[in-house]
Amino acid sequence: MRAAILLVSLALASPVHAQGVTPGSIPSSDVAPLADGGFVKAIDTLPEMVETVMARSGVPGMAVAVVKDGEVVFRQGFGVRDIRDPKPVTPETVFQVASVSKSVSASVAAVAVTDGLVSWDDPVGHHLARFELSDPFVSTHATLGDFFAHRSGLPFAAGDDLEDIGYDRQQIISRLKYLPLDPFRISYHYANFGLTVGAEAVAEAAGMKWADFAEKALFEPVGMDATSYRYSDAMAAENRAVLHAYEDGKFVALYDRNADAQSPAGGLSSTVDDLAKWMTLLLSDGKWHDKQLIASAALAPAIRPQITSAPGATQNDRSGAYGYGFNVGTTASGRPIRNHSGGFIKGAGTHFKLLTDAGIGIVVLSNGAPIGASEAIASQFMDVVQFGETTRDWFAGYSAMMSPMFAPVGDLVGKPAPQDPVPAAEAGTYTGRFENDYFGAAEIVQTQDGLELHLGTKPLEMKLTHWDGHTFSVAPLGENQPKGSLSSVTFAVENNRATVMRIEYLDHSKQGTWRR
Numbered sequence: 001m002r003a004a005i006l007l008v009s010l011a012l013a014s015p016v017h018a019q020g021v022t023p024g025s026i027p028s029s030d031v032a033p034l035a036d037g038g039f040v041k042a043i044d045t046l047p048e049m050v051e052t053v054m055a056r057s058g059v060p061g062m063a064v065a066v067v068k069d070g071e072v073v074f075r076q077g078f079g080v081r082d083i084r085d086p087k088p089v090t091p092e093t094v095f096q097v098a099s100v101s102k103s104v105s106a107s108v109a110a111v112a113v114t115d116g117l118v119s120w121d122d123p124v125g126h127h128l129a130r131f132e133l134s135d136p137f138v139s140t141h142a143t144l145g146d147f148f149a150h151r152s153g154l155p156f157a158a159g160d161d162l163e164d165i166g167y168d169r170q171q172i173i174s175r176l177k178y179l180p181l182d183p184f185r186i187s188y189h190y191a192n193f194g195l196t197v198g199a200e201a202v203a204e205a206a207g208m209k210w211a212d213f214a215e216k217a218l219f220e221p222v223g224m225d226a227t228s229y230r231y232s233d234a235m236a237a238e239n240r241a242v243l244h245a246y247e248d249g250k251f252v253a254l255y256d257r258n259a260d261a262q263s264p265a266g267g268l269s270s271t272v273d274d275l276a277k278w279m280t281l282l283l284s285d286g287k288w289h290d291k292q293l294i295a296s297a298a299l300a301p302a303i304r305p306q307i308t309s310a311p312g313a314t315q316n317d318r319s320g321a322y323g324y325g326f327n328v329g330t331t332a333s334g335r336p337i338r339n340h341s342g343g344f345i346k347g348a349g350t351h352f353k354l355l356t357d358a359g360i361g362i363v364v365l366s367n368g369a370p371i372g373a374s375e376a377i378a379s380q381f382m383d384v385v386q387f388g389e390t391t392r393d394w395f396a397g398y399s400a401m402m403s404p405m406f407a408p409v410g411d412l413v414g415k416p417a418p419q420d421p422v423p424a425a426e427a428g429t430y431t432g433r434f435e436n437d438y439f440g441a442a443e444i445v446q447t448q449d450g451l452e453l454h455l456g457t458k459p460l461e462m463k464l465t466h467w468d469g470h471t472f473s474v475a476p477l478g479e480n481q482p483k484g485s486l487s488s489v490t491f492a493v494e495n496n497r498a499t500v501m502r503i504e505y506l507d508h509s510k511q512g513t514w515r516r
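In this note's numbering, the protein residues as written are 1 to 516.
Hint data in this document are derived by calculation from the structure and do not stem from the laboratory.
Built from N, CA and C at the ideal position, the CB exists for glycine as well.
Any given hint could turn out to be false.
What the hints assert, rightly or not - Between beta-carbon pairs, the in silico distance windows are: (1) 126 - 495: 49 to 57 Å; (2) 116 - 461: 35 to 43 Å; (3) 359 - 129: 48 to 56 Å; (4) 225 - 432: 47 to 55 Å; (5) 126 - 507: 52 to 60 Å; (6) 415 - 223: 49 to 57 Å; (7) 92 - 359: 19 to 27 Å; (8) 291 - 507: 49 to 57 Å; (9) 509 - 260: 20 to 28 Å; (10) 290 - 48: 32 to 40 Å; (11) 432 - 85: 44 to 52 Å.
As the list claims (entries may be wrong) - Derived lysine-lysine pairs resembling DSBU-like cross-links, with alpha carbons at most 35 Å apart: (12) 41 - 250; (13) 287 - 177; (14) 177 - 458; (15) 463 - 250; (16) 87 - 68; (17) 415 - 463; (18) 483 - 87; (19) 415 - 458; (20) 216 - 68; (21) 209 - 510; (22) 68 - 291; (23) 216 - 87; (24) 209 - 68; (25) 463 - 483; (26) 463 - 510; (27) 415 - 483; (28) 216 - 458; (29) 291 - 209; (30) 287 - 415; (31) 209 - 287; (32) 510 - 458; (33) 510 - 483; (34) 177 - 510; (35) 41 - 68; (36) 177 - 209; (37) 41 - 287; (38) 250 - 483; (39) 68 - 177; (40) 483 - 177.
Required output: the full structure, derived from the provided sequences and hints.
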């Protein structure tokens, strides 16, 4: 839920025009001029920017690439791939890019639109057999664009909790029908598996698996040879950045993160060399060398506002907007900008920015959990390009904005255990199988060490610790449950037998109740 989330730039503003001047659009000439010598200065000082942010943040390794006017003008690795090993990061190092995957997936979908396989306005139900949400109207009318823009009405992070307990992509998509929806097309809720629904519809129309279609449609034509939507490919790369979580104030290499279930939304692996090619394609309005790989009319809807993602609180605040897989907005100089961030709590922080009318793009990949380092570097670089100097302490701003992502979850966090708890019933009162439409079956199992909660397909096994009466605690630890999380598991008991079980940390969409 927290990982691979949308990270909105502090400098973004509202609507951007598509290619050319259309009714109601703002000509690109109506912008402040770039700082004289700003781009050269930005390139010259970029290594210092990276090294300074790495020193302040402690991020073990980063790679950065910059493109301008169709050329790669900067590519460099910094730090190490694994904090336990001195092997350096290079421009060829493979990183898991988390939610930057969404923008690349939108580009893949735009190729499919260009080739006539789909339209952004196709209902996904035309391509996905038996697709169903809780509202029949939305099931039949929600389009590819609706899912790529996070405006289907699915709640925030819908399906992430199912991924956490081991369900695969198809199982998760089939269970989204149990979630209540907010108003269709006027509600913005960032949801990895919403975008994944849209991508799966594209893959079905192409008659291929998503990872295979992405290779055929985009990676092979552009020469992105180190890029893949398969976790196994990332793990097989010899020059690979290891994930580093941020725990107890330092980066540590503790976890792996297999995001195959949501790979169109968060499972891409790539290098800055490959992503520089992708940025060049976008900044060339979809043209790669002599071929129009993505038609302008297919790309334009993806990179213009489709829904307000961050409404301004007052009349003086600039609102944030989202396209199809892209944040879209306007810089303080009046220039259109597109960007996206990616983050795994288990250890990845990534970001790119495209200053489209200047033909400039920067991508920053890191092997550290998202504490704002990648965003700070890209923002500082674009500041110098536009204004000739840095306008603020970007790292301080971004790190403060992202710090809540690392807060433990659960209703028992920070609470002392009862000093004189009501005793629990006998273990047999609680053991057995409980049912839930959305999460599936759960089991309470008695072991030599006490009671355990078993969830999902693997299953996920968590120790139950008695708290008070029929309430126990669990300490989940996962992509969406940082270290220190502590949640109640409460049973309703009738005639010495538990009939209902509620798991608080899984009840955010009111789906956290199991029954016999």
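Consistency of the hints with the structure:
no.: 1; hint: 126 - 495: 49 to 57 Å; verdict: 51 Å, holds
no.: 2; hint: 116 - 461: 35 to 43 Å; verdict: 49 Å, violated
no.: 3; hint: 359 - 129: 48 to 56 Å; verdict: 43 Å, violated
no.: 4; hint: 225 - 432: 47 to 55 Å; verdict: 52 Å, holds
no.: 5; hint: 126 - 507: 52 to 60 Å; verdict: 34 Å, violated
no.: 6; hint: 415 - 223: 49 to 57 Å; verdict: 55 Å, holds
no.: 7; hint: 92 - 359: 19 to 27 Å; verdict: 25 Å, holds
no.: 8; hint: 291 - 507: 49 to 57 Å; verdict: 51 Å, holds
no.: 9; hint: 509 - 260: 20 to 28 Å; verdict: 23 Å, holds
no.: 10; hint: 290 - 48: 32 to 40 Å; verdict: 38 Å, holds
no.: 11; hint: 432 - 85: 44 to 52 Å; verdict: 47 Å, holds
no.: 12; hint: 41 - 250; verdict: 32 Å, holds
no.: 13; hint: 287 - 177; verdict: 39 Å, violated
no.: 14; hint: 177 - 458; verdict: 22 Å, holds
no.: 15; hint: 463 - 250; verdict: 27 Å, holds
no.: 16; hint: 87 - 68; verdict: 30 Å, holds
no.: 17; hint: 415 - 463; verdict: 18 Å, holds
no.: 18; hint: 483 - 87; verdict: 28 Å, holds
no.: 19; hint: 415 - 458; verdict: 31 Å, holds
no.: 20; hint: 216 - 68; verdict: 26 Å, holds
no.: 21; hint: 209 - 510; verdict: 33 Å, holds
no.: 22; hint: 68 - 291; verdict: 19 Å, holds
no.: 23; hint: 216 - 87; verdict: 32 Å, holds
no.: 24; hint: 209 - 68; verdict: 33 Å, holds
no.: 25; hint: 463 - 483; verdict: 15 Å, holds
no.: 26; hint: 463 - 510; verdict: 23 Å, holds
no.: 27; hint: 415 - 483; verdict: 15 Å, holds
no.: 28; hint: 216 - 458; verdict: 33 Å, holds
no.: 29; hint: 291 - 209; verdict: 25 Å, holds
no.: 30; hint: 287 - 415; verdict: 57 Å, violated
no.: 31; hint: 209 - 287; verdict: 25 Å, holds
no.: 32; hint: 510 - 458; verdict: 23 Å, holds
no.: 33; hint: 510 - 483; verdict: 24 Å, holds
no.: 34; hint: 177 - 510; verdict: 14 Å, holds
no.: 35; hint: 41 - 68; verdict: 14 Å, holds
no.: 36; hint: 177 - 209; verdict: 23 Å, holds
no.: 37; hint: 41 - 287; verdict: 29 Å, holds
no.: 38; hint: 250 - 483; verdict: 13 Å, holds
no.: 39; hint: 68 - 177; verdict: 45 Å, violated
no.: 40; hint: 483 - 177; verdict: 31 Å, holds
The structure fails to meet hints 2, 3, 5, 13, 30 and 39 from the earlier list, while all remaining hints are met.
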